[in-house]
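Asks: One letter stands for each residue in the lines below.
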Amino acid sequence: MRNLLDIMDLSTDELDSLIKTALDIKDHPEKYADACKRKKLATLFFEPSTRTRLSFEAAMYELGGNVIGFSESSSSSAAKGESVADTVKVVSNYADIIAMRHPKDGAALVAVRNANVPVINAGDGGHHHPTQTLADLLTIYREKGGFRGLTIGLCGDLKYGRTVHSLVYAMSRYEGVNFVFISPEELRFPRYIIDDVLEKNGIPYLETSDLEEAIPKLDILYMTRIQRERFLDLNEYERLKDSYILTPEKLISAKKDMAILHPLPRVNEISVALDKDPRAKYFEQTLNGKYMRMALILKLLGLDGKPSDETEDTVRDVIYDRFRCPNHRCITTTEQELRQEFYSVDEEQGVYRCVYCDTEIRK
Amino acid sequence: MRNLLDIMDLSTDELDSLIKTALDIKDHPEKYADACKRKKLATLFFEPSTRTRLSFEAAMYELGGNVIGFSESSSSSAAKGESVADTVKVVSNYADIIAMRHPKDGAALVAVRNANVPVINAGDGGHHHPTQTLADLLTIYREKGGFRGLTIGLCGDLKYGRTVHSLVYAMSRYEGVNFVFISPEELRFPRYIIDDVLEKNGIPYLETSDLEEAIPKLDILYMTRIQRERFLDLNEYERLKDSYILTPEKLISAKKDMAILHPLPRVNEISVALDKDPRAKYFEQTLNGKYMRMALILKLLGLDGKPSDETEDTVRDVIYDRFRCPNHRCITTTEQELRQEFYSVDEEQGVYRCVYCDTEIRK
Amino acid sequence: MRNLLDIMDLSTDELDSLIKTALDIKDHPEKYADACKRKKLATLFFEPSTRTRLSFEAAMYELGGNVIGFSESSSSSAAKGESVADTVKVVSNYADIIAMRHPKDGAALVAVRNANVPVINAGDGGHHHPTQTLADLLTIYREKGGFRGLTIGLCGDLKYGRTVHSLVYAMSRYEGVNFVFISPEELRFPRYIIDDVLEKNGIPYLETSDLEEAIPKLDILYMTRIQRERFLDLNEYERLKDSYILTPEKLISAKKDMAILHPLPRVNEISVALDKDPRAKYFEQTLNGKYMRMALILKLLGLDGKPSDETEDTVRDVIYDRFRCPNHRCITTTEQELRQEFYSVDEEQGVYRCVYCDTEIRK
Chain A
14 MRNLLDIMDL
24 STDELDSLIK
34 TALDIKDHPE
44 KYADACKRKK
54 LATLFFEPST
64 RTRLSFEAAM
74 YELGGNVIGF
84 SESSSSSAAK
94 GESVADTVKV
104 VSNYADIIAM
114 RHPKDGAALV
124 AVRNANVPVI
134 NAGDGGHHHP
144 TQTLADLLTI
154 YREKGGFRGL
164 TIGLCGDLKY
174 GRTVHSLVYA
184 MSRYEGVNFV
194 FISPEELRFP
204 RYIIDDVLEK
214 NGIPYLETSD
224 LEEAIPKLDI
234 LYMTRIQRER
244 FLDLNEYERL
254 KDSYILTPEK
264 LISAKKDMAI
274 LHPLPRVNEI
284 SVALDKDPRA
294 KYFEQTLNGK
304 YMRMALILKL
314 LGLDGKPSDE
324 TEDTVRDVIY
334 DRFRCPNHRC
344 ITTTEQELRQ
354 EFYSVDEEQG
364 VYRCVYCDTE
374 IRK
Chain B
14 MRNLLDIMDL
24 STDELDSLIK
34 TALDIKDHPE
44 KYADACKRKK
54 LATLFFEPST
64 RTRLSFEAAM
74 YELGGNVIGF
84 SESSSSSAAK
94 GESVADTVKV
104 VSNYADIIAM
114 RHPKDGAALV
124 AVRNANVPVI
134 NAGDGGHHHP
144 TQTLADLLTI
154 YREKGGFRGL
164 TIGLCGDLKY
174 GRTVHSLVYA
184 MSRYEGVNFV
194 FISPEELRFP
204 RYIIDDVLEK
214 NGIPYLETSD
224 LEEAIPKLDI
234 LYMTRIQRER
244 FLDLNEYERL
254 KDSYILTPEK
264 LISAKKDMAI
274 LHPLPRVNEI
284 SVALDKDPRA
294 KYFEQTLNGK
304 YMRMALILKL
314 LGLDGKPSDE
324 TEDTVRDVIY
334 DRFRCPNHRC
344 ITTTEQELRQ
354 EFYSVDEEQG
364 VYRCVYCDTE
374 IRK
Chain C
14 MRNLLDIMDL
24 STDELDSLIK
34 TALDIKDHPE
44 KYADACKRKK
54 LATLFFEPST
64 RTRLSFEAAM
74 YELGGNVIGF
84 SESSSSSAAK
94 GESVADTVKV
104 VSNYADIIAM
114 RHPKDGAALV
124 AVRNANVPVI
134 NAGDGGHHHP
144 TQTLADLLTI
154 YREKGGFRGL
164 TIGLCGDLKY
174 GRTVHSLVYA
184 MSRYEGVNFV
194 FISPEELRFP
204 RYIIDDVLEK
214 NGIPYLETSD
224 LEEAIPKLDI
234 LYMTRIQRER
244 FLDLNEYERL
254 KDSYILTPEK
264 LISAKKDMAI
274 LHPLPRVNEI
284 SVALDKDPRA
294 KYFEQTLNGK
304 YMRMALILKL
314 LGLDGKPSDE
324 TEDTVRDVIY
334 DRFRCPNHRC
344 ITTTEQELRQ
354 EFYSVDEEQG
364 VYRCVYCDTE
374 IRK
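Residue numbers (our numbering), protein chains in the order written: chain A, 14 to 376; chain B, 14 to 376; chain C, 14 to 376.
Just so you know, these hints were derived from the structure itself, not from any lab. Keep in mind that the hints are not guaranteed to be accurate.
Copies of the same chain look alike in the list, so a pair counts if it works inside one copy or between any two.
Claimed, not checked - With a straight-line cut-off of 20 Å between C-alpha atoms, the simulated EDC-like cross-links for lysine to aspartate or glutamate are:
hint : residue 1 : residue 2
1    : Lys376    : Glu348
2    : Lys289    : Glu350
3    : Lys269    : Glu220
4    : Lys289    : Glu348
Sequences and hints are given; from them, build the entire structure.
Replies: Given below as structure tokens:
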């Protein structure tokens, strides 16, 4: 049995195989229409996320299965103080596979460790949201015929945007890819990912605050929202915000086949006037997300005709209860009787990370 | 592809055909049990309306289809500020047909203009709610064997009750129909509908504030609720309210086969003691609503065996961005990048109406 | 047509038959996979109870049926003031069977009296919750091979815990059963049930406040939560609470095959460390609940292959509108036009009970 916590849990081969299945589903939906007959997906959404939830539900119905679940925690037993662990243990008796969304970082790992059925992380706080990345990857694949050699621009809030981080991790595994990070100073792409992934592997990248200047080079432009709340200085926000709104004018110098992506919902960072531009792929992206979720459900239920993966979870030396996770959004702050658990990143320097939320501490 | 925004979008022939299909569904449900196999209905309820939602869901399941959706906007992306346009564009990738309820007048038109699948207006603010009128019409048809020559009493809040307005529009197309409007002075049936529809076509009507006096003439008595909030003078409310509560005593002089309708939910405007009276048809009305929604879904999905309608939307000369809609419940007040759009009613007099919510302005 | 309001509505034979069906479903799920094809269950949850709702929904899907409903009353017409009676009358037009949860005592009886389809009480306030008891009984049956001669310990809040009360009523019908009531003084098992059920039938029982002392005797240990709010004296709560938390240490003297049950959700009254103990059966209990709900749905829809029960409701002499129910959680306090209804328990002594919530009054 396998789960999906983080996009990096999937090998490149597994990703390729998911994409292949998704494309086959798109072309031959009738072949899959009864694939999950008599199976049930539980959508456990401890916080609302309509688009993601509806995408999973549509995916399961198109595979011939059924869906149970809840769409926010006020209507769940969580309001009575039930733990994530108990919830998934109970729901394992009601469903064959679980898609869980939770506001706390690391909640998905608690689910995986306690469920008796496969678990898909449908977003755990600001931590991971791998099925969004699957949607992004299929969109890029379909638009460009593959991943090699692409120049990928990422624009907006690159500091906090988890979808942007995951996309960089995932795309870095393909040959010849390079990145252009477009953001205000305050919201630059995190240095530790640049160090860990790009510098280490010699992957070219560029940082700029100028969207218009960057556009002509790009094969892909991945837009994200800049939230007012992220700025200490609101004057700075006012000064900057318009320069990160994509308009028809800004696209004049773009390649004719550049694809525009966005994880949605958008507020105003892409002008509605662009929706009819053939380069706008953000609605298509949601369709691709449905296909990838279908492929993923098939894979995790062992219904994709592939031998089941026997890969083990990464075995890491873990230190219990010596440190306390400083991230107040970590699931360890609320889940009952959950031990503090850290793994060593650099023992000499005393650098450790929380097993649940990956928050780094230095001792 | 067709949508249903307003009951008047349907021609008399189309209405007759829906009624015929609904009656066939009632008599031969097994013929339709797989009609929508592998199809999905999305119920997008931006405000709660349990009865309408459950009716749509039951309808879709009885046609062999599936349902996805949400039941209030706190669990939808709308809470994050997403536009109606974006929501329906995304959901078009997940479902084959949409039933949408929204608190803003005119929201349904935004949905129709952006969806790639048929849209059914399940209520847009105080504007339209055509599937309620379909339920009303089938109930009248089944009780009376047709529409001709009926005397229809409408009682209660005739000023604000959108179901009452729609019913008058719809019934006015049938020969020999006449209306009795029964309401307090404050809540009289709108003059503009009387002028537009009844006076213009020479359809007889009567206005009265006396329910008991009116009852003996009626073939149909359509009750609605009088809301306390509608009265400026609460003494007036207290004085009047009991006279618009239907009780067994008030029915003594009614015809033996008069049918009592109500859009539900009722609070106390029809005494529970009447529920067992054979003339009480308001629960049957909800069953009829389900059959009509089934017939409508079949029609809009092109599954009713009829050639698809090629009728075009009314083409109207539209004036963009010159006026601003004064209705603060209009969708133009909240939807992003939506242009103000008015059509001319009387150019000489300078009378225009908002394309979305039909609010009239004079310039 | 039959309903399930209270576990005591079921005869011992009917219980045995439900258990037999549930075991057959467990062993041969495929036999039942289409049993409810084209049937719809309505889950009307006027207050949230995720586990119970998901269990019902999973049950219906595993029988091949469909589900409509709502998960809390803010998204239902109840928010507009609709009565339980009207809601179930309408929903009877949309579904073949209803499972209803409601915060008011006695709401389930209102539903039964107004629905045109079978109604299952999925919890009415603090009154009854019979499907929880069905889950408990199947768990005991599967663990012990039957009910005779068992020593059943009940621990925690025995005063307010409705599941504990129902279990005592239900188990008292089996030969040789005896009970150990383990609770703080404030939360002792109600005297009137001891008198009515145990003393009257000569069933042995023991009352103690010492969990550790009681454990060695027990075949079943049924844990419940002690809520802080139940204590007038919070010092008393602090002093006591740990003695009613089940830990591995407290189990040292327990029988090797004692089964631990809990209605869930737990907060901390059973240590997570016990979850892996083979005696911990509280998660299995939720699985058993699903099987029993499947058996119950089949029975109430007449699909269990048994002749339908023709037993009448208990006919009781009822006194209308003479007394007023003093229980402010009784459905008679909110439901429109509902008459006060009492039955006599002891006419000489002037003891009566409310037909809806069974609250006792003395006149």
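Asks: Of all the hints numbered above, which does this structure not satisfy? Sort the numbers upward.
Replies: The structure breaks hints 1, 3; every other hint is satisfied.
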